[in-house]
Amino acid sequence: MTDRKPLYLMSPALAWLTAFMVVPCLLILALAFFRRGIYGGIEYTFTLENIALVFDPLYAGVFLKSAGIAGLSALIAVIVGYASAYAIAAAPARRQPVLLFFAVLPFWSNYLVRTYAWIVLLNREGLIASMAHWLGYDGELPKLLYTESAVVVGLVYNYLPFVILACYAPLSRLNPEIAEASRDLGGSGWTTFRRVTLPMTFPGVATGFVFVFVLSIGNFVTPALLGGGQFQMIGNLVYAQFLTANDWPFGAALSMFLIAIMMGLLTLQTFATERASGTRPEAT
Amino acid sequence: MRTQANPRLMLMILSAVFAFLYIPISVLVGLSFNEGGLPTAWTGFSTKWYGELARNSDVMGAAFNTLIVALVSTVLATILGTLLAIGVEIRRRKGRFIETIIFAPMIIPDIVLAIALLSFFSLLDVTLGLHTVILSHVVFNLAFVCSVVRARLKTFDWSVVEASADLGASTPVTLWRIVLPVMLPAIIAGALLAFTLSVDEFIIAFFTAGAGRDSITLPMQIFAMIRFGVTPEINALATIVMAVSVIALALSQRLNRGGLPGQ
Amino acid sequence: MNRKNAIRRTMLGAGLACCASALMAGELVVSNWDGYMAPDAIDSFNATSGHAAELVLHGTNEEIMGKLIASKGKGYDVVFVSSPFAEVLHNLGLAEDLDHAKIPNISNLYAQATELEHDPGNAFSVPYAWGTTGLCYRSDLVSDTPDSWMDLLTPSEDLSGKTTMLATDRWLLAAGQLAKGYSVNETDPDKLAEVRDLLIDAKGTLLAYDDTTFYAKLVSGEAELVHAWDGWCNYGIAENADIKYVIPEEGSDLWVDTMVILKSSENKDAAYEFVNFILDPANHGWAAENILYKVPNETAMSGLSEDFIAQFPNMGIGPDELLGYEQLRDVGEAQRDYSRTVSEIKAAN
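Residue numbers (this note's numbering), protein chains in the order written: chain Z, 121 to 404; chain R, 8 to 270; chain S, 4 to 352.
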């Protein structure tokens with residue numbers, strides 16, 4: 121196929137994104153170069169002070185902290201999610217849609233409702249504590265809620281289905297004969313998995329990781345509720361500039377910084393995927 | 008692959024994961040039957056919250072709006088996102104610019120997209136309503152659908168498409184008969200993902216919705232009600248949503264089994 | 004019937020449906036916090052006035068402010084926001100300058116409620132509820148009755164891990180500012196730094212920052228001493244009589260939630276009627292009795308029974324005492340320092 125035909129396929133989506141994302145967001149992000157007015161309006165004087173402020177160690181620290189929490193959540197979610205997707209794809213074909221359905225069903229309830237269910241489970245007077253006492257444990261339980269681990273559990277929980285869906289897509293069509301051929305050629309189960317299955321499904325793994333990472337780093341509800349507001353994530357920081365401080369210029373500057381870093385990470389991810397899967401035919 | 012998987016191990020994985028997914032859900036369902044209003048103490052079994060819910064037309068209206076937003080934006084995003092994914096993966100040349108635009112909706116903080124869209128709409132004097140929420144949800148939904156479908160297409164053998172073209176098939180015919188069937192699980196997965204994201208999305212919906220009651224979605228309603236914590240009424244609603252989904256699935260399974268040969 | 008006609012009919016039908024929905028959308032949109040007025044207030048306003056008002060909800064001041072600023076207020080007629088935010092709306096030119104002749108019931112307000120610092124003479128905002136911020140605690144669980152902000156910020160050993168503080172920037176800082184004896188609108192960077200250090204130390208002993216469910220934490224015993232608005236502490240008191248409220252000896256702030264009519268409103272007369280309706284002693288008094296927040300309506304407050312005030316003692320705090328506390332004000336340029344200080348506290352380990 122020539123390179124022109126794809127443009128017809130892409131143009132509706134690209135037009136949509138241009139109209140409802142690129143243009144509106146550029147208008148807002150451009151505010152990074154102006155001053156905040158005394159009452160929170162915009163003063164149209166060019167300045168670089170908002171950009172300079174982003175490089176304050178305080179914000180770099182917040183960024184690293186949230187990247188750490190998001191990275192850990194993404195890693196756990198990918199391991200658990202890949203295993204689940206693998207098990208679903210290994211089930212009889214008729215069962216697969218049902219299993220997928222039940223994997224996403226909890227997430228049609230509501231984010232806040234689920235998060236509160238975790239609070240009910242984890243708080244000091246909560247279900248887990250009551251259960252432990254009922255089983256005869258008398259000592260003081262470690263603090264479960266309002267900790268970093270609680271935030272990670274909440275993020276993994278909420279984004280796990282996205283990893284399952286992302287990994288299921290490539291796993292579902294993995295040709296059983298390829299794996300069989302590998303085994304016939306003497307590869308052990310593990311070798312087959314590592315050399316054949318994983319590389320062929322790596323795009324799904326990478327996609328799932330990216331989903332959890334970007335959704336987590338921008339999340340501002342889970343840190344507030346399960347972390348007791350004691351962790352400042354980059355999502356909270358951006359939210360606070362726009363809504364609490366009414367400082368759109370600085371909010372825009374922080375967002376540009378965040379977008380730039382994430383774009384950098386994604387470029388790396390694209391390279392890694394292309395290399396690891398290595399199955400993309402050179403000539404199409 | 009089916010031949011290779013250890014069935015007992017697979018069963019163990021599924022049981023553990025589903026237990027993790029459903030423990031909080033059972034807490035939530037349990038609380039919807041708790042007579043007292045506070046989630047901290049069990050005061051007795053009661054279905055009164057379901058009655059309260061039925062009388063709360065605000066919540067029911069919001070639930071209906073959410074369903075509309077999620078369904079319409081999922082359909083639009085699935086079509087646009089799938090076409091985009093095929094277009095990008097078919098291209099020989101990787102365009103950095105296009106890649107950036109496709110990833111951007113996932114990376115831009117929600118609050119930035121929300122404020123940007125509202126400022127943009129008000130600049131153009133667009134009347135806000137459910138339609139502006141749908142327009143906005145399609146933006147991030149299509150990016151997620153596109154990513155899932157691309158993950159599948161990366162390992163797709165494009166020589167099949169070449170062959171089809173060599174045999175004289177037009178591009179649409181090739182896409183419909185050859186590419187689409189292969190991608191179907193990925194498209195379904197992408198659509199499920201989009202639906203799930205849309206049902207739960209709060210901040211963009213809050214900003215791009217009109218001022219009146221007719222464009223309030225469920226997350227907007229629930230975030231506002233959080234002032235008093237999650238009331239059992241909301242738990243009741245979540246329970247009903249899930250129960251209705253399960254019934255719909257059961258019905259569609261039954262219909263499929265009766266209607267389609269080979270199922 | 005030819006095709007052209009059919010198309011024309013369909014379009015006409017769609018057009019009619021459009022207009023019908025525009026009519027039903029309600030001519031007056033009021034945005035308030037959930038449960039902050041009588042559930043039937045809107046219905047009874049519509050019944051008596053003949054207007055078609057509808058209520059929408061916002062969870063926080065911040066959310067509704069973001070939306071009002073980005074859309075220049077379009078679509079909303081009356082909003083309920085706390086006083087510093089009303090001030091911002093005024094400064095940004097989004098709030099209507101009030102014509103008191105259209106709000107006769109404003110005469111029901113305490114004289115003190117018309118001379119509030121953020122808006123003397125009620126030029127752009129009408130106070131709806133007011134009160135103090137202090138300590139709400141389980142008198143049956145704490146060993147010493149708290150009476151100072153330091154009891155919250157440097158709690159005794161047995162209270163450690165059982166306290167919560169408000170998460171909203173200004174009130175979080177206010178706790179430290181009051182403890183240090185500074186103004187709740189202090190902008191001096193050195194003093195802000197002292198407040199920050201005090202609050203970072205306090206963070207180590209905290210269970211969580213919480214500004215919605217702290218009273219439920221007291222009821223369950225998960226927390227024993229929390230930083231709270233007086234009206235909200237009353238929700239806890241209603242559940243458990245051992246819960247008490249105290250204003251620390253260093254003082255409190257005076258918070259005021261207000262009604263603002265937006266300049267962009269296309270139904271200003273109806274908006275005035277609504278504000279006037281709320282200030283009717285029967286309607287405003289309902290809020291005091293059922294929402295357990297003090298209202299600045301003299302006629303309404305004088306109708307509260309002694310038993311009621313005995314059950315919820317902070318409902319008895321009078322306007323003179325309230326006016327003795329400083330209000331949170333919009334701090335203008337210093338907002339950036341405030342927000343940075345809060346980020347430093349929340350990011351600290």
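Note that these hints are calculated values from the structure, not bench results. A quick note: this is a predicted structure, and the numbers were derived from the prediction, not measured. Every residue gets a Cβ at the ideal spot worked out from N, C-alpha and C, and that includes glycine. Hints should not be assumed to be uniformly reliable.
As the list claims (entries may be wrong) - Taking lysine-lysine pairs in the BS3-like style, the calculated list, with each CA pair at most 30 Å apart, reads:
id: 1; chain 1: S; residue 1: 206; chain 2: S; residue 2: 183
id: 2; chain 1: S; residue 1: 194; chain 2: Z; residue 2: 185
id: 3; chain 1: S; residue 1: 105; chain 2: S; residue 2: 77
id: 4; chain 1: S; residue 1: 247; chain 2: S; residue 2: 183
id: 5; chain 1: S; residue 1: 75; chain 2: Z; residue 2: 263
id: 6; chain 1: S; residue 1: 247; chain 2: S; residue 2: 266
id: 7; chain 1: S; residue 1: 75; chain 2: S; residue 2: 105
id: 8; chain 1: Z; residue 1: 263; chain 2: S; residue 2: 271
id: 9; chain 1: S; residue 1: 75; chain 2: S; residue 2: 271
id: 10; chain 1: Z; residue 1: 185; chain 2: Z; residue 2: 263
id: 11; chain 1: S; residue 1: 183; chain 2: S; residue 2: 194
id: 12; chain 1: S; residue 1: 206; chain 2: Z; residue 2: 185
Said to hold, decoys possible - A few chain S residues that don't get close to chain Z, going by computed Cβ distances all over 10 Å:
id: 13; residue: 148
id: 14; residue: 210
id: 15; residue: 212
id: 16; residue: 270
id: 17; residue: 341
As the list claims (entries may be wrong) - What follows is a set of in silico ranges between Cβ atoms, one per label pair, in the way DEER data are often shown:
id: 18; chain 1: R; residue 1: 22; chain 2: S; residue 2: 308; range: 43 to 49 Å
id: 19; chain 1: Z; residue 1: 381; chain 2: R; residue 2: 259; range: 41 to 47 Å
id: 20; chain 1: Z; residue 1: 178; chain 2: S; residue 2: 335; range: 54 to 60 Å
id: 21; chain 1: Z; residue 1: 215; chain 2: R; residue 2: 51; range: 52 to 58 Å
id: 22; chain 1: R; residue 1: 23; chain 2: Z; residue 2: 165; range: 54 to 60 Å
id: 23; chain 1: R; residue 1: 261; chain 2: S; residue 2: 311; range: 56 to 62 Å
Earlier hints that do not hold, by number = 5, 6, 8, 14, 15, 17, 18, 20, 21
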